[in-house]
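**Q** Take a look at the letters that make up each chain.
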Amino acid sequence: MIGPDPLRVLMLWCPDWPVLAVQLTQGVPHDAPLALVDRGLVVARSAAAAAEGVETGLRIRQAQHRCPDLIVLPHDPIAEARAFEPMLHAVEEKIPDVQVIRPGLAAVRAKGAARFYGGEESAARALLDHVRSHAKGELRLSVDLRGAVADGFFTAEHAAYATTPGRPIRLIPPGASTHFLAGLSVTTVSDKRTANLLQRMGIRTLRDLADLPREQVHARFGAAGLHAHQLAHGEDSPTLSPRTLPPDLGMSVTFDPPAVHLEQIVAQCEPAATGFVETLTRASLICTEIRVTVQVEPGTLLEQQWRHPWQFGRAEVLDRVRWQLEDLAADAVTVDDDGLPAAVLAVHVMPESLDSTAHHATALWGDRPDEKVEHALTGLQHRLGHEGVLTSAVAGGRLLHERRVLRPWGDALPTTRERRLEQPWPGTVPGPAPPTVFSQARQAQVTTEHGAPITVDDRGGVSGAPAWLHLPDDGRRRITAWAGPWPVRQRWWRKQRDINRFQLIDNQSTAWLALTEGSSWWIEARYD
Amino acid sequence: MATTPTATVAELTKLLARHDSAPVTAGVPVHEVFADIFPHGLRSGAVYSLRGSMTAALALLAGPSLAGSWCGVVGVPDLGVEAAAEWGVQLDRLALVPRFDPADWTTVIAALAEVTALVVAAPPDRISPGEVSRLLARLRTSGSTLVVLGPWPRAVAELTGQVVEWRGLHQGHGHLSAGRVRLEVTERHRRRQAEFAVPVRP
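Respectively, the protein sequence lines represent chains S and V.
Residue numbers for the first sequence follow my numbering, so the first one is 1 and each next one is one higher.
Residue numbers for the second sequence follow my numbering, so the first one is 1 and each next one is one higher.
Do not take every clue at face value.
[Said to hold, decoys possible] Using C-beta positions, here's what the derived DEER-type ranges look like: (1) 15(V) to 383(S): 56 to 66 Å; (2) 274(S) to 16(V): 47 to 57 Å; (3) 330(S) to 177(V): 38 to 48 Å; (4) 519(S) to 193(V): 21 to 31 Å.
Simulated from the structure, these hints should not be mistaken for lab results.
Because the structure is a prediction, the values reported are computed rather than measured.
Glycine included, C-beta positions come from ideal geometry on N, C-alpha and C.
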């Protein structure tokens, strides 16, 4: 795709976009030291962190050593690309057809714009001014923007890097690429290994590389070498591949003036939710995961992902919005009827996982509960709240409440692999499972014939034969048979707890599972 | 059109006979351990009151669940899901409503009864006779059965579960391996009972 006459490109660059994107989406203050890491290495850092000596390429520990207050977050290119989207919209308002090199770096054709604005420099300035004012108005973000006009993407990118905040625009006249590129290091055109080899051969700058005969570079270094040589000569792609606009499937509702009442917000979201579901249906898509973002007054964003085992409908979307707002209200200290602690500026819903309807055609006798059941349970959940209706599964574990997995209706249950039921769980209770497992273990006391509490020593010795079981609300019962202690040893690396389990049968033929630690006893389950 | 009085009387007798005979609709299926005491299954649209044993409640749930219906459990946060699965209750067809506002009791039961064959529920704190009649009407139209784990004013039968024995546990050694549970049914002052082993062997 590389040819001798490259396209004239206008490049737009936002320095430190990854950091800006995180500050924007996660609400990190602008003056906080922040580092983004990928596989243990710092890939981007904020100005405050740079002032403390944090550099890209450092290990997390080294970076934290230099700056103990450092906020370390994972590098997320997808979130960055999503945050860059509004900037691209602003570019497209001025000059059509944008090619995104990567989040923070975008290219447009310079020729038409230069003719329209009467010169390449004025075109670049017009574009920069527009994007900057757009960012300030829409995102409330002051962005440092740089522009460059040059032949080909490679030259334009490096010309943009060569700008300064004082002179944000750099022009490389047509045909002057070779001269501009001459001083750059060979690491810019080749991968690490080739660059290392070139440098060891004494070829350090692009001028050195460009001076070599092309056939010999090709013969010695293969296709990669040829590509590097072409770039060093200022040859680049003659075409631009503009991004295809993804159809906007999300919904967003803004509130002006900001809304504080839950019912009001949900009611205003209703038409948008109808439109959201209709758009998806028209595109023959099924959405199983949505991301609800609530923008709250002091500039914070509350994001949450919601899953659905089948597909989202209008009511389901509205329920998720409602539950998220209820969570927001529950976090507040003041209890006000129907009022939220902070005014809501906007609600955005983005589909996260989409799939074609064709893959979800209902089987002849369904792989999903029939519509009537789904409808009734969803209705009940709407009335009782997200956690009101539950589905269950059995998972692996030692303690009985760990073996019982409860999930709100509509949320996906853990997969067979996540349940880890087949794995050996030394210390589980043998025999039939107890039909009553207390969601919260009940206080109790087990004593000997003479009323002395029973304890278990470090070596597993019992201080006496259990004779009486004292239940707080049921009086005391005679123990007719017992076994134990069965130690429950788990997560010793976190906080060692010496929990032992006993199985007891009382004189009313009821069997119990009791847990003990020190001299405290709890009832875990009942066989009745 | 003139009809002879005898013909009309004959028709009426036939109609009466049809009403007197047992309803044709099949009841809610039960697990095979209850085949003797509930030969026609649980009566659909009726309320049973069960006391004493959670094992018996799980065994009752297993019947319709194994037959492919949905079941519901209301107000029982301490349900042993694993034991239910051992009885054969299909957990992907089991809806749990553990906690809710006590005022919603009738609504929750009625909503679940629309789509499930059997609902097992903890008894309400207090229920008015009007609400009882309304709930019974809802159950009758939906054809599902309610088992209340406690007293109920108009139960068709009182069920009492009782553990007969647990085996396998001794003084300081062994572990519970098997047991026997007895379920006593009191229906119209007549008493019948079944005894079954736990765990149930497939």
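**Q** Work down the list of hints and note, for each, if the structure agrees.
**A** Hint by hint, here is what the structure shows:
1. 15(V) to 383(S): 56 to 66 Å: Given range 56 to 66 Å: violated, Cβ gap about 43 Å.
2. 274(S) to 16(V): 47 to 57 Å: 55 Å, holds
3. 330(S) to 177(V): 38 to 48 Å: With Cβ atoms ~46 Å apart, the hint holds.
4. 519(S) to 193(V): 21 to 31 Å: 43 Å, violated
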